[in-house]
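Spelled out, the chains give:
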Amino acid sequence: DAGVTQSPTHLIKTRGQQVTLRCSPISGHKSVSWYQQVLGQGPQFIFQYYEKEERGRGNFPDRFSARQFPNYSSELNVNALLLGDSALYLCASSPAGDQPQHFGDGTRLSIL
Amino acid sequence: GEDVEQSLFLSVREGDSSVINCTYTDSSSTYLYWYKQEPGAGLQLLTYIFSNMDMKQDQRLTVLLNKKDKHLSLRIADTQTGDSAIYFCAESSNTGNQFYFGTGTSLTVIP
Chain A
1 DAGVTQSPTH LIKTRGQQVT LRCSPISGHK SVSWYQQVLG QGPQFIFQYY
51 EKEERGRGNF PDRFSARQFP NYSSELNVNA LLLGDSALYL CASSPAGDQP
101 QHFGDGTRLS IL
Chain B
1 GEDVEQSLFL SVREGDSSVI NCTYTDSSST YLYWYKQEPG AGLQLLTYIF
51 SNMDMKQDQR LTVLLNKKDK HLSLRIADTQ TGDSAIYFCA ESSNTGNQFY
101 FGTGTSLTVI P
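Protein sequence lines, in the order shown, are assigned to chains A and B. Using the numbering used here, the letters of the first sequence correspond one by one to residues 1 to 112. Using the numbering used here, the letters of the second sequence correspond one by one to residues 1 to 111.
Honestly, the hints are just simulated from the structure, not real lab data. Among the clues, some could well be false.
Examples of chain A residues toward chain B, derived with CB under 10 angstroms [as the list claims (entries may be wrong)]: (1) Tyr35; (2) Gln48; (3) Tyr50; (4) Lys52; (5) Gly56; (6) Arg57; (7) Gly58; (8) Pro61; (9) Asp62; (10) Phe64; (11) Phe69; (12) Pro100; (13) Gly106; (14) Ser110.
Even for Gly, the Cβ is constructed at its ideal location relative to N, Cα and C.
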């Protein structure tokens with residue numbers, strides 16, 4: 001069975017641009033969460049979606065938004081990119097909200 | 001947010017046991033987790049423990065939970081060079097819709 005898949009694997013943007021990252025959960029998983037991992041730190045929670053509704057939001061500015069589609073895949077959007085947004089963005093899925101999460105390999109976003 | 005703390009580095013010799021420690025703050029967490037991250041990769045779920053358990057064993061891995069002290073540990077028996085990685089402890093909020101990770105412990109296994 002396929003694990004959590006994320007695209008693209010790498011992305012280079014410049015300050016002020018907008019970016020969309022994509023995630024496909026494990027088949028049968030209805031919950032998707034997004035995390036930002038800055039080099040040398042643990043993942044920081046951004047959003048959790050379950051059954052297409054936002055169920056949790058971390059301490060990130062409104063420039064960050066996400067949505068979940070009827071097939072449970074998800075997109076993370078970041079507007080007005082800043083240098084500090086450079087990080088590994090991880091997506092995780094689980095059958096429901098409070099269950100063990102399985103991670104994809106992430107999207108490495110670099111802001112120039 | 002919640003505060004999950006881990007020591008930053010651990011070095012052991014191949015064949016020895018490794019013990020990675022973690023302290024957390026949310027006493028209402030339903031599950032506590034251990035993840036492994038190798039360079040350039042995502043996080044791999046190693047094991048997890050339900051909050052009403054004291055211990056869980058899974059092959060070479062043993063998880064101990066002390067709820068009174070809010071302390072979680074991961075013991076890796078017969079540590080191998082392939083175990084070299086960063087290990088993250090994580091807890092979920094009581095509603096289950098937010099996860100909090102520690103800063104990670106970098107384990108180096110010396111041949």
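Verification of the supplied hints:
1. Hint status for Tyr35/A relative to chain B: holds, with the closest Cβ pair at about 8 angstroms, below 10 angstroms.
2. Given the 10 angstroms rule on beta carbons, the hint for Gln48/A holds: about 5 angstroms separates it from the nearest Cβ of chain B.
3. Hint status for Tyr50/A: holds, given a least beta-carbon distance of 8 angstroms to chain B, under 10 angstroms.
4. Taking 10 angstroms as the C-beta cut-off, the interface hint given for Lys52/A is violated, the closest approach to chain B being about 14 angstroms.
5. Of the supplied interface hints, the one on Gly56/A holds, with its beta-carbon coming within about 3 angstroms of a beta-carbon of chain B, less than 10 angstroms.
6. For Arg57/A, the interface hint holds, the least distance from its beta-carbon to any beta-carbon of chain B being 8 angstroms, beneath 10 angstroms.
7. Of the supplied interface hints, the one on Gly58/A holds, with its beta-carbon coming within about 7 angstroms of a beta-carbon of chain B, less than 10 angstroms.
8. At its closest, the beta carbon of Pro61/A sits 15 angstroms from a beta carbon of chain B; the interface hint therefore is violated under the 10 angstroms criterion.
9. With its C-beta approaching chain B no nearer than about 18 angstroms, Asp62/A sits outside the 10 angstroms limit, and its interface hint is violated.
10. Interface restraint check: Phe64/A against chain B, minimum CB-CB distance 15 angstroms, threshold 10 angstroms, status violated.
11. Look at Phe69/A: its Cβ only gets to about 19 angstroms from chain B, farther than 10 angstroms, so that hint breaks.
12. Below 10 angstroms, beta-carbon pairs count as interface contacts, and Pro100/A has one with chain B at about 5 angstroms; its hint therefore holds.
13. Given the 10 angstroms rule on beta carbons, the hint for Gly106/A holds: about 5 angstroms separates it from the nearest Cβ of chain B.
14. For Ser110/A, the suggested interface contact is broken, since its CB lies about 14 angstroms from the closest CB of chain B, more than 10 angstroms.
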